[in-house]
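Protein chains in written order, with the numbering used here: chain A, 1 to 809; chain B, 1001 to 1225.
No lab work stands behind these hints: they were computed from the structure. Careful, some of the hints might be misleading.
[Claimed, not checked] Looking from chain A toward chain B, a few residues come up when the C-beta cut is under 8 Å (computed):
1) Glu716
2) Ile719
3) Arg720
4) Val722
5) Leu723
6) Gly724
7) Ala725
8) Ser726
9) Pro802
10) Val803
11) Leu806
[Claimed, not checked] In silico DSSO-like pairs for lysine-lysine, Cα to Cα no more than 27 Å straight-line:
12) B:Lys1161 to A:Lys715
13) A:Lys736 to B:Lys1161
14) A:Lys575 to A:Lys594
15) A:Lys528 to A:Lys247
C-beta: ideal position from N, C-alpha, C; glycine also.
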Amino acid sequence: MIKNYIKTAYRSLRKNRGFTTINIMGLALGLATCLLIVLYVADELSYDRYNDKASRIYRVNEDLKLGDNAVKYAVCMAPLAKTLIAEYPFVENATRLKNAGTSHVKKGTLNISENRVAFADPSLFSVFTLPMINGNAASALVEPNSVVITETTAQKYFNSTNVVGKTLLFNDNTLCKVTGVIKDVPRQSHFNFDFFISMSSFPDSRSTEWLRSDYNTYVLLKDKSYAKQLEASFPALLEKFSGAQMKAQLNLSYAEFEKQGSFFRLNLIPLTDIHLKSNISGELSANGTTQYVYIFLLIAVFILLIACINFMNLSTARSANRAREVGVRKVLGSARKHLIAQFLTESVLVTIISTVLAFVIALFLLPLFNQLSGKELAINASSMVWIVPALVAIALFVGVLSGSYPAFYLSAFQPVDVLKGKLATGFKGSRLRSFFVVFQFSISIFLIIGTLVIYNQLNYIQSKNLGYNRSQVLVVKNVFELNGQAKLFKQKVKELPGVINATMTGFLPTSGWKNTAIYFRDASINEKTSLFPQSWQIDEDYIGTLGMKMAAGRNFSKDMATDSDGVMINEAAAKFLGFKDPVNSVIYKATDSKHDLAHTKQYRVLGVVKDFNFNSLHENVSPVVMTLAENNGALSIRLNTNNLSQLMSQINAVWKDVNPNVQINYSFMDQDFDATYRTEQRTGQIFIIFTALAIIIACLGLFGLAAYAAEQRTKEIGIRKVLGASVAAIAGMLSKDFVKLVGISILIASPLAWYAMNKWLQDFAYRINIQWWVLALAGIAALLIAVVTVSFQSIKAAVANPVDSLKNE
Amino acid sequence: MIKITNLEKFYRTEEVETIALNKLSIEIATGEFVAIMGPSGCGKSTLLNILGMLDDPDEGSYIFNEIEVAHFTERKRADLRKHNIGFVFQSFNLIDELTVFENVELPLIYTGVPASERVKRVEEVLDKMQIMHRRNHYPQQLSGGQQQRVAIARAVVNKPKLILADEPTGNLDSTNGNDVMELLTDLNEQGTTIIMVTHSEHDARYSHRIIRLLDGQAVVENIMV
Ligand SMILES: Nc1ncnc2c1ncn2[C@@H]1O[C@H](COP(=O)(O)OP(=O)(O)OP(=O)(O)O)[C@@H](O)[C@H]1O
Ligand SMILES: [Mg+2]
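Between the sequences and the hints, there should be enough to build the whole structure, so can you do that?
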């Protein structure tokens, strides 16, 4: 019997090749898109889950509030990990990581710049699942100057993984012994280091200070149910251990400190939440956001819905044409259940073909998608384990759902009515189908508006005046390695033709360098009104090189000896301080954590710099206080040249001249800027692709429906033509219904999209207003797309010879 | 009014070529009532479609009102057609979704008659066909005879000079069939030229002249007295 069903289904599908193709393609495209999104989301959700003990691992975060300034840190105090193990029997283990920043590792005569270097406690391997290929995991990180490296790194430096006992020279001064080689840290990890140097090599790690936080600290609990208990006990723990130090340094008891409205608190974040839910100071890598995961999931659901609706729409539409067949079959004695089985077989067959096709399409699109999303997604054995059942489930679900409507509806009809053609009429004005079309187009319009808004916002960020000029600035990032000769390098570079100016400091609007300080606005040294600004050390060329503008006062000058007692502040700081005329007023910088006049240094405000953006544009400009001091974090060079490559090689030569042993490491400031917005940029691109796909799928459906509608009305079209209707009039008549539906969709989708996108924009401190033309454009685009799609069918129907269509009667 | 000379029409399908009209020459004067008869498949409908400018001949000439229309473009034919020709079909060909009134109104819309004028003219013709009381009904709610009245009303509402009827009584019983023939005769007496295809000798007797076709050629012409 089933074989017979399949055979009949196959013939019927073949007979309606056009419909079948549209149906299969639409569904396959939709499923393929969903598959890609699901892979992406699954990847985002899988972060840190490679750890066997993931569910019992937590990171300790710190909330700090000093006066009006609140900061959240992903790092904690040095002694915390040790203390946790000692104090709580339910803490199985604890371990610390400390980002070592960029280091230089010698390979032959060359120093290679490595920025995935960390200091780690020996317990690292007992907490995290980082399998060791070579070496002893328990003891590898015990001795000072031991280093555990990843497989890839071992290959890179030694062309072998069997390298335990060999040595690596760091920064030309520290020789470390390789004590272990581990498998590469999985990509889905919130930290991604290639070198783990034993924590004991880093003296500060033995610090007993409780008022300073520098270490990413992770605890492994015996059972995750203890997490609440641990968190609840943190205040008492802090009071116990930091109380004495606070009294000594701030002359405050912990209670008094809290009474001022200040606090520092510890809390736990589950390891598996870090990647998507945490984005605070001291993270070990740029994390993702749940928001985008949700958005993408939503889009996947939308696209799947659109594709399924198409499928059902087309299937039911087509089945109306088969009412006569059903009637004849019934008259000939076919039982209802056979008819139902026949229709279901047919639609399940189509969905299965679509699913297989979807899988193939997804495989082909994956490399492109990876390029856009910056991921390395793969369909492999492990993902197949859930992809295949999921696809089969979807195929069956969609197949049965879309097949059941015509199956049950048609088979229930009295054969006489069906033969008389009553059914065909009833099907024409199907409200359900109109509803579906409106639904699809509402989603499409929503997505178009969303895309336009995202695109505009990103454009706005790109072109916004940031208060400094980031184009044509070359940033040499490792001048600190030249040590005392950094200044010589700057001087020589400045002499090159094509170099306009150069400034030496690591504190750049586009760099991650951050340093905070505490300033008081007057001699009363009141903590409540203290300023907690970025504290940057710059030179007198800074303002000029970066093209910043002065709002008041003057820039630092080389010729003024007293300028080292002066500061320049930005407008945000000036506003915060609230001086009527900030220039020449005096502010007090705290020199240590004892907050009284004796422990401050006075600075005179020399100038106010116009605000410039150094955080991401998600945030407002915060206060910055700049002092004139040497900082060789980086050298930023303003260029003006037509021959960039020549200038670059000249700069290179100067560098080699100053220090031939270190490789120069540079980038362009505008590229660094773009990197800050890569997530948004990528999201934007992916969004555009998905929107396009959603629209294509929706159009495929519309195309099919229009064809169906035209087919249904062949006779009417013939009559009208005989009576003198022009092609335009016929095409217009056929398109009108669809245009009306798209019109309704515009009315529904526009306000929703406007609302949702405004919500998204709230996340940006600097944002566009959604212009009315964005909504209009989306509406017009949707209308145009619909009209083009439908008129193709309508015109085809309208130019057909009426003689043919009337003859069948 | 109509003069066709050596008209030819072929139908090519994958295997065979059918000659539907074979060097057919006919002349029909204004005000005539002509019946076309012949066995099934002899080309009657094909001829009517060409006369009605719904279809193109492959060879030969077709002069309508002194104009050669044989190779007119679709647009020009449609324009000529909607102002000059009314159609009546065996299967009525009313539009199911439109009421009686709206069905009859259609040709006026396509010739651009203003709305107020349309109402007047539709009511006038519905009155004449005695189906005014059914104006707001849908075709399915009418009997076959009533449907054909509506179809005739639609054919004449634009006051065409020529009415082409393809077996107008084919789906009707004899009483209703006779009614329809009376209507056509009335129209003819008021000056409309009528060309009608029929299988019924009885119906053919209403006409002035019978053209008998065989295999796409006119074999006999009977003049009625
Ligand atoms: N579209 C077409 N394609 C192929 N052959 C056609 C087509 N239309 C008509 N024919 C053929 O042309 C010939 C004439 O057809 P036509 O419809 O004019 O006959 P008829 O005289 O009206 O017949 P009936 O009395 O049955 O209506 C027939 O042999 C028919 O098979
Ligand atoms: Mg015929």
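Results for each hint:
1. Glu716: 5 Å, holds
2. Ile719: For Ile719 of chain A, the interface hint holds, since the closest Cβ of chain B sits about 5 Å away, which is under 8 Å.
3. Arg720: 7 Å, holds
4. Val722: Check passed: Cβ of Val722 of chain A comes within 5 Å of chain B, closer than 8 Å.
5. Leu723: Since chain B brings a Cβ to about 5 Å from Leu723 of chain A, closer than 8 Å, the hint holds.
6. Gly724: Status holds, d = 3 Å.
7. Ala725: 5 Å, holds
8. Ser726: Holds. Min distance 7 Å.
9. Pro802: 6 Å, holds
10. Val803: Constraint on Val803 of chain A satisfied, holds at 5 Å.
11. Leu806: For Leu806 of chain A, the interface hint holds, since the closest Cβ of chain B sits about 6 Å away, which is under 8 Å.
12. B:Lys1161 to A:Lys715: 25 Å, holds
13. A:Lys736 to B:Lys1161: 34 Å, violated
14. A:Lys575 to A:Lys594: 26 Å, holds
15. A:Lys528 to A:Lys247: 18 Å, holds
The earlier numbered hint that this structure contradicts is number 13, and it is the only one.
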